[in-house]
Amino acid sequence: MLNVEKLVAGYGKVEVLREVSLDVPEGALVTLIGSNGAGKTTTLRALSGMIAPWSGRVVLDGAEIGGLPPHEIARRGMAHSPEGRRVFATLPVQDNLLLGAFTRITGSRPKGDVAADLDRMFALFPRLAERRAQLAGTLSGGEQQMLAMARALMLNPRVLLLDEPSMGLAPRLVEEVFSTVARLKAERVTMLLVEQFAAAALDVADFGYVLENGRVTASGPASALKNDPAVRAAYLGQAH
Amino acid sequence: MQILGQLIVSGIAVGMIYGVIAFGYQLTFVTSKTLNFGQGEALMLGSLVGLTVVAYTGYWLMLPVVLAFGMVQGAVVERLGVRQAIRTGSESGWIMATIALGIIFKNLAENIWGRDALKFPSPLPEAPLSFMGVNVLPMEIAIVVGALGMMLLVELFNRRSIHGKAVVATANDRDAAGLMGINTSLVITFSYALSSMTAALAGVLVAPVTLTGASMGGALGLKAFAVAIIGGLSSGFGVVAGGLILGITETLTGYYISTGYKDVPGLVLLLLVLSFRPSGLFGTAAIKKV
Ligand SMILES: Nc1ncnc2c1ncn2[C@@H]1O[C@H](COP(=O)(O)OP(=O)(O)O)[C@@H](O)[C@H]1O
Ligand SMILES: [Mg+2]
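These protein sequences, in sequence, are chains B and F. In terms of the working numbering, the first sequence is residues 1 to 240. In terms of the working numbering, the second sequence is residues 1001 to 1290.
Do not rely on the hints blindly, as some may be mistaken.
Sample of chain F residues at the chain B side, in silico, Cβ under 7 Å [stated by the list, open to error]:
1) E1091
2) G1164
3) K1165
4) N1172
5) G1178
6) L1179
7) M1180
8) N1183
9) D1263
Since the hints were made in silico from the structure, they are not lab data. Where a beta carbon is used, it is the ideal one built from N, C-alpha and C, also for glycine.
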């Protein structure tokens, strides 16, 4: 489904990603873990076109998408719920969701039933339903995170990139985020999940990659990574 | 009292024009944090193109032609003067480029239509209507209706249509809008097109009341810039209030002091704006909103 080969990217002259390769098979939940500054966000940005890859290949459904502008990549079915949520603050919740379906409404992706999907999102995130007319900027952090995820799902994506959906949330909400991810996995939504809560991420994921200093240093089935002594020592210690 | 009423009515018509031009500044500023300093020239070109077209089509059929011309002209300004600056993150490249394009447009207009002020035929009766002793030109009413109508239509488009929402999304967060599949470069080109279109409309609305000519744009553009800064570059109808205040102040100055000083309040306003917000002209307005 999504294949990344030797992806190199950075900012200005600073190289951040050094030949990152990873695979996200159809229907799988793959997690990318690593400490702060390892390059997780940069990886997702390079995949969705927010920054242009310097070299390497990004292949979605057999077609090379590396270097395309973000709107072209979205039109091919990649949804990205970015770090920091980035909801459209001055627009109501409902409009944020409709914009998630922009490619479908305007015909660059199969339309499907946008209204039914909207209802589905409101069923998945009942708090958004109560606040559908409220401006997104006035939502709480947890609600904004739900909105960012729901907005990305409205694309009916082939693959969904989630960048630290638990960031800055109270423990109860973190749990809620993870149970939502588990539900989406049960619905066979293909996902690449970036997380700081490595243990929880490996619990729900099928596969995992460990990123260190812009390099993939370990990878494998999530259960195997969880038991890998090196990974345990570095990422599954007392902190999480 | 009657005279005061008269002056206020005239001031309202001029003020609406400032308001529309300032509204045009807003349109591009929200999506791209840049604006067209040749906005006055966009108005002038719209008006002169309208003058040429009106001879063949009459006033009302001329309008869609001028609106379309305005859109193309705005898109050209964005492509030639602004896009590269945005791409390279240049802080000021677009300022010089849009001023330069404005001067080129003015020279072009001088060569085509000459340097003299030209009379623009009025589509409405030129005899004033009288309300409680205050004379109102039908065209002045048309200015107010046309200007407000245009702004309301743009607002309606932004709120109701998915493409309008895409414009608002781009204004909110350009990167996130791109992730939705919105071509944000195209949105910015479109906002320039819309901005020049409103200016062109203002041009053919005001021309029958004033006169038209290659040099009509410069002062209008500058004064409307002051109005836009005061009324708010980010959004809202503050520009209408700002425009009306300036328009009325001008007609009062023209009557009670001297018509020779009519342009002074607006330019003083501009100087005040520039001296009280020297560095933060663009930045603070943007930050306040987000
Ligand atoms: N916009 C940026 N400009 C320059 N450097 C950046 C930018 N964003 C991130 N970096 C740098 O890139 C590296 C990787 O950052 P990031 O991908 O955000 O890490 P992670 O998401 O794993 O915490 C860090 O050293 C960070 O300082
Ligand atoms: Mg990050």
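Now for the hints, and whether the structure bears them out:
{"no.": "1", "hint": "E1091", "verdict": "violated (17 Å)"}
{"no.": "2", "hint": "G1164", "verdict": "violated (10 Å)"}
{"no.": "3", "hint": "K1165", "verdict": "holds (5 Å)"}
{"no.": "4", "hint": "N1172", "verdict": "holds (4 Å)"}
{"no.": "5", "hint": "G1178", "verdict": "holds (4 Å)"}
{"no.": "6", "hint": "L1179", "verdict": "holds (5 Å)"}
{"no.": "7", "hint": "M1180", "verdict": "holds (5 Å)"}
{"no.": "8", "hint": "N1183", "verdict": "holds (5 Å)"}
{"no.": "9", "hint": "D1263", "verdict": "violated (36 Å)"}
Of the hints listed earlier, those the structure fails to meet are numbers 1, 2 and 9, in rising order.
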